[in-house]
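Chemist: Please build the complete structure, drawing on both the sequences and the hints.
Those letters in the sequence shown? Residues 1 to 310, by my numbering.
Derived by calculation from the structure, the hints in this document are not laboratory data. The C-beta atom is built at its ideal place from N, Cα and C for all residues, glycine as well. Take these hints with a grain of salt, some might be off.
Cβ pair distances, simulated, as ranges [to be verified]:
(1) Gln-74 <-> Thr-97: 32 to 38 Å
(2) Leu-242 <-> Pro-99: 41 to 47 Å
(3) Gln-55 <-> Leu-274: 42 to 48 Å
(4) Ala-159 <-> Asp-86: 19 to 25 Å
Straight line, CA to CA, 30 Å or less: simulated DSSO-like cross-link-like pairs of lysine-lysine [said to hold, decoys possible]:
(5) Lys-182 <-> Lys-217
(6) Lys-145 <-> Lys-263
(7) Lys-39 <-> Lys-114
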Amino acid sequence: MKLRMVLVFGCILLGVSVGLAQLNRTLILDRVRSYYKAKQFSSALDEIKRLLVFQPEDIEARYWQTRLLMERPQFPEGTQFDAIRDNLEFLARQMETMPRLRNEIQELLSLYRKDFAELTIRITNAPVVGFYVARLPMRFLPPIKLSPLQQARLDEINAYLESEGKLYFNQIEKRDSVYVCKIRDFPVLPQRRRSVKYSVAMFTNRDTLHFAFNLRKKDPLIVEMKHLDELYYHLPDDYAVLLFKRHLRIRNHRPGPGFLSRKLGIYQAVLVPLHPTAEVQIGEALDWKRKAMYWGGLATALWLLVQMSR
Numbered sequence: 001m002k003l004r005m006v007l008v009f010g011c012i013l014l015g016v017s018v019g020l021a022q023l024n025r026t027l028i029l030d031r032v033r034s035y036y037k038a039k040q041f042s043s044a045l046d047e048i049k050r051l052l053v054f055q056p057e058d059i060e061a062r063y064w065q066t067r068l069l070m071e072r073p074q075f076p077e078g079t080q081f082d083a084i085r086d087n088l089e090f091l092a093r094q095m096e097t098m099p100r101l102r103n104e105i106q107e108l109l110s111l112y113r114k115d116f117a118e119l120t121i122r123i124t125n126a127p128v129v130g131f132y133v134a135r136l137p138m139r140f141l142p143p144i145k146l147s148p149l150q151q152a153r154l155d156e157i158n159a160y161l162e163s164e165g166k167l168y169f170n171q172i173e174k175r176d177s178v179y180v181c182k183i184r185d186f187p188v189l190p191q192r193r194r195s196v197k198y199s200v201a202m203f204t205n206r207d208t209l210h211f212a213f214n215l216r217k218k219d220p221l222i223v224e225m226k227h228l229d230e231l232y233y234h235l236p237d238d239y240a241v242l243l244f245k246r247h248l249r250i251r252n253h254r255p256g257p258g259f260l261s262r263k264l265g266i267y268q269a270v271l272v273p274l275h276p277t278a279e280v281q282i283g284e285a286l287d288w289k290r291k292a293m294y295w296g297g298l299a300t301a302l303w304l305l306v307q308m309s310r
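Modeler: Structure below.
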């Protein structure tokens with residue numbers, strides 16, 4: 001009998017707790033909407049933080065936090081783009097489970113994809129193969145006015161580049177076999193004209209570069225070696241760079257991503273993945289006389305075959 005009463009009392013307490021939590025959630029979201037209508041973004045964000053402490057997976061709370069972070073006119077604590085990006089990825093996954101907010105979530109995702117994209121930076125004729133850090137002190141200058149969030153994000157990028165300026169070139173473009181650096185959440189210029197381009201002030205030699213990054217066209221930023229202030233390898237634990245004489249033939253016996261060879265001065269540098277095991281064959285390159293004899297013999301054999309078939 002006592003056990004039954006304890007169980008009943010526990011169920012009542014649980015029901016009351018759940019009801020109070022739901023009531024508290026409803027009251028908080030109502031206050032958030034009121035603050036949002038009154039343009040009191042800081043107060044609304046404070047309310048959302050209180051709710052997310054106890055319910056971090058609440059879809060509606062994450063939606064409101066993202067909307068407030070993206071629409072506020074001022075950024076006293078920075079753009080908090082990590083939170084924006086994490087929330088957008090979460091909302092994209094959970095959108096179908098919340099039909100009531102599907103259109104609003106889709107609107108946020110569309111706004112982000114229109115205003116921000118991934119910027120690719122390439123270095124021409126870099127004396128390294130891949131997985132390297134380059135210090136590029138520079139500043140991006142937009143030709144037209146950006147939205148408050150875009151400008152705040154660009155200010156953060158510029159502040160880092162002007163002070164630290166180190167970029168990691170660790171992603172390979174398979175088409176050109178070149179390692180590049182990608183900057184996430186880079187502001188897209190709100191224009192479709194090809195002539196609307198970013199200017200880039202390079203601090204090393206006072207050059208000014210230009211590249212298109214707008215609603216119509218998104219070009220990579222091409223940087224020359226003369227713009228670099230510092231350059232060094234930063235290899236992962238499972239990669240190595242091997243140096244060989246330029247004339248040698250290098251073959252990889254384990255084809256796959258990651259293997260890359262490039263001529264660098266009197267040497268050739270080979271980027272080799274070490275997992276599971278690297279197998280590199282080294283052979284002497286054919287000189288021009290041996291190449292001529294080889295191709296001449298092959299041509300003669302083909303000519304004889306044609307003559308015999310007549």
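Chemist: Does the alpha-carbon distance linking Lys-182 and Lys-217 stay inside the 30 Å limit?
Modeler: holds, 17 Å
Chemist: Are the Cα atoms of Lys-39 and Lys-114 separated by 30 Å or less?
Modeler: holds, 24 Å
Chemist: Does Lys-145 pair with Lys-263 here, judged by a C-alpha cut-off of 30 Å?
Modeler: violated, 44 Å
Chemist: Holds or violated: the 41 to 47 Å window for the beta-carbon distance between Leu-242 and Pro-99?
Modeler: violated, 56 Å
Chemist: Is the gap between the beta carbons of Gln-74 and Thr-97 within 32 to 38 Å?
Modeler: Hint holds: Cβ distance 33 Å, inside 32 to 38 Å.
Chemist: Does the hinted range 19 to 25 Å hold for Ala-159 and Asp-86 at CB?
Modeler: Holds - the Cβ-Cβ distance for Ala-159 and Asp-86, about 22 Å, lies within 19 to 25 Å.
Chemist: Between the beta carbons of Gln-55 and Leu-274, is the distance compatible with 42 to 48 Å?
Modeler: Between Gln-55 and Leu-274, where Cβ atoms are some 45 Å apart, the hint holds.
In summary, the numbered hints that this structure violates are 2, 6.
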